[in-house]
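With chain E's structure known, arrange chain P on it following the hints.
Each chain is listed here by its residues.
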Amino acid sequence: MNALSEVTKQKIRSQFANYPNKQALTLPALHLVQDEQRCVSRAAVAEIAELLELSPAQVQDTLSFYGFFKDEKNPLGNRRIWVCRSLACMLRGGDELLTDVCERLHVAPGETTADGEATIELAECLGACDGAPCILIDDELRLNVTVDEVVAIAENRS
Amino acid sequence: MNETFEPVLLRRVGKPNPQLLSGYIADGGYQGLRKALALEPLKVIETVLNSGLRGRGGAGFNTGAKWMFLPKNVVGPIYLCINGDESEPGTFNNRILIEEDPHQVLEGIVISGFATGSSTAYFYLRYEYGRCYRVLKAAIDEMYDNNLLGKNILGSGYSLDIHLHRGACAYICGEETGLIESLEGKRAWPRIKPPFPAVEGAFKRPTVVNNVETMACVTHILDRGPEWFKTIGVAKNPDDPRDSGSYGPKLYCISGHVNKPGLVELPLGITARELIDKHAGGVWKGRQAKAVVPGGISMGFLSASELDTPLDFAGPGRAGCLGLGTAAVIVIDDQTSMVDVLYNTCRFFAHESCGQCTPCREGTAWSAKILHRIREGRGSLQDLDTLTDISKTMGTMPGTTICGLADGAAWPIKNALAKFRDEFEEYIKSGRRTAVREFAGTH
Chain E
0 MNALSEVTKQ KIRSQFANYP NKQALTLPAL HLVQDEQRCV SRAAVAEIAE LLELSPAQVQ
60 DTLSFYGFFK DEKNPLGNRR IWVCRSLACM LRGGDELLTD VCERLHVAPG ETTADGEATI
120 ELAECLGACD GAPCILIDDE LRLNVTVDEV VAIAENRS
Chain P
0 MNETFEPVLL RRVGKPNPQL LSGYIADGGY QGLRKALALE PLKVIETVLN SGLRGRGGAG
60 FNTGAKWMFL PKNVVGPIYL CINGDESEPG TFNNRILIEE DPHQVLEGIV ISGFATGSST
120 AYFYLRYEYG RCYRVLKAAI DEMYDNNLLG KNILGSGYSL DIHLHRGACA YICGEETGLI
180 ESLEGKRAWP RIKPPFPAVE GAFKRPTVVN NVETMACVTH ILDRGPEWFK TIGVAKNPDD
240 PRDSGSYGPK LYCISGHVNK PGLVELPLGI TARELIDKHA GGVWKGRQAK AVVPGGISMG
300 FLSASELDTP LDFAGPGRAG CLGLGTAAVI VIDDQTSMVD VLYNTCRFFA HESCGQCTPC
360 REGTAWSAKI LHRIREGRGS LQDLDTLTDI SKTMGTMPGT TICGLADGAA WPIKNALAKF
420 RDEFEEYIKS GRRTAVREFA GTH
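Chains as they are written, first to last, in numbering that gives the first Met the number 0: chain E, 0 to 157; chain P, 0 to 442.
If you're looking for bench data, these hints aren't it; they were derived computationally from the structure.
The C-beta atom is built at its ideal place from N, Cα and C for all residues, glycine as well.
Any given hint might turn out to be false.
As the list claims (entries may be wrong) - Per the computed footprint, the stretches of chain E lying under chain P, defined by three or more beta-carbons under 8 Å from a beta-carbon of chain P, are:
1) 16-24
2) 27-37
3) 59-72
4) 81-89
5) 120-126
6) 141-148
Unchecked claim - Using 20 Å as the maximum straight-line C-alpha spacing, the simulated EDC-like pairs for lysine to aspartate or glutamate come out as follows:
7) P:K136 to E:D147
8) E:K10 to P:E183
9) P:K136 to E:D70
10) E:K10 to P:D140
11) P:K136 to E:D34
12) P:K136 to E:D138
13) E:K10 to P:D222
14) P:K185 to E:D70
Unchecked claim - Simulated restraints on C-beta separations:
15) E:R103 to P:T399: 37 to 45 Å
16) P:E226 to E:S4: 28 to 36 Å
17) E:Q9 to P:R317: 53 to 61 Å
Isolated chain E (complex conformation) (with noise of 0.2 Å):
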């Protein structure tokens, strides 16, 4: 079994020392997975469960509960996007903004493009209401946007 990398194993025992036990280090392993291979396969949950002292069944559960880890039918992009659709976006044109998007980049909520290049997420209230309609790349949000720079931003032209 390899499906984990022997520094992501590392990054995680690292952390050991953080937690009173092993189980809290499931979120923090399932992130570094998913950076790393732009999806949490089978076998990584397996090899999670097993460096934790738990069985794959409650990484699996955990990991279905947030709906944020993707299977390796269904990696993510070089980029996720994630675009905003609740109240303060949606008054500013949050849900023309996902709709328009997905329709240039032939998506729907979830899929990521042909080249491989951008997954777009349909995300609820990203806590940067201040520049509706936003949109989340990663983990860095960007305010005020228009379609024309999500898209851009898609097929990673800026």
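Just chain P now, with coordinates in the frame of chain E:
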């Protein structure tokens, strides 16, 4: 009073490199911590109790009282969890506080850790706040390098570690026991209380969960004293035994249909009207407000005739809203359909219900479906009664759910149908349609 109000929490925003420790100390930072460390922990708790500080995360519970709930003479660890899962629609004050002045928050955490006897703090931060994460990480590193964290802080004998813990995009992790479950590596299903976290929280240990803005307030209360804090805001109403006052400065988030959306710091108690007109440049495009969310969408709606409601802990409740919540004000103009607005809020809660309690899981999902049907021109007047019925039967208040998410989902429905019923009836009778192409609510 507002004209002379000097910002407290936002006083350093806009300075060059406000995130650096050197700048923070040059501006008088870490004086509150020094004063706290010279006291007995119980004295620090009493100081916060005497300030009247109420938690800024939404529930408005007295912070000092929350700390007092910890059992006495605990053997073994007590945990402090910082709730940075800010996800209530309309709310972004924690983000700006952290991004602009992280040490102000971190100082409050060390003070609170000392007061509560915690030697480990977990800072639970929503994943979306990547910049906050990096700013905090750098600030925490600087603290370790300067004996403000780690062993024997400033020679006091008190030791504290702060660990950053990132969430994964789930609103329910802002509920304190949902946060604890998530921290423990499980699905974020809120717990039945009691036991309250103070008795049995994270890792089955006594735990305090506090909001980010609350921590920033603690910093200033220790530095400037509880009496100073009480000079700001609205005093306790002696005629209302349930009111414990609304003291201190508050960060108001303003978004939606205003000319100048943004974050404003004012004494608790400013009216919605003054906030919109004086501090947000008024309603955009020369329009009027039709409705205003007073404190995040789970608090419901003020109507245009209720804009003189003071946004303190008691005000929104008097106008039929759930409460002050996060003081996130969202302005909705008179050209906007309340059917669309309510659909948006119901869709949010349907998406964010954790699924544990049936009344919430089904109630939020069906209210969103019914409003979608209305927006497709297929609604009936009976749907409005069904929505009202759902809103009255899900939540901790009717006693059908474990946590308050469903109360927050129900409140916008209750307020919308009580205050804007004519608009809903007219919409249905006219056969109007405003539904746009809809995506499945998964991600």
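Here is what the structure says about each hint:
1. 16-24: holds (count 7)
2. 27-37: With 3 residues in contact (Cβ-Cβ under 8 Å with chain P), the coverage given for the segment 27-37 of chain E holds.
3. 59-72: holds (count 7)
4. 81-89: With 6 residues in contact (Cβ-Cβ under 8 Å with chain P), the coverage given for the segment 81-89 of chain E holds.
5. 120-126: This one holds; 7 residues, not fewer than the three required, reach chain P with a Cβ under 8 Å.
6. 141-148: Coverage by chain P is violated here, the residue count being 0 at a Cβ distance below 8 Å.
7. P:K136 to E:D147: With Cα atoms ~33 Å apart, P:K136 and E:D147 exceed 20 Å; violated.
8. E:K10 to P:E183: holds (18 Å)
9. P:K136 to E:D70: Measuring from Cα to Cα gives roughly 29 Å; hence the hint is violated.
10. E:K10 to P:D140: holds (18 Å)
11. P:K136 to E:D34: holds (18 Å)
12. P:K136 to E:D138: holds (15 Å)
13. E:K10 to P:D222: violated (39 Å)
14. P:K185 to E:D70: Measuring from Cα to Cα gives roughly 19 Å; hence the hint holds.
15. E:R103 to P:T399: 37 to 45 Å: 44 Å Cβ-Cβ, so the 37 to 45 Å window holds.
16. P:E226 to E:S4: 28 to 36 Å: violated (57 Å)
17. E:Q9 to P:R317: 53 to 61 Å: holds (57 Å)
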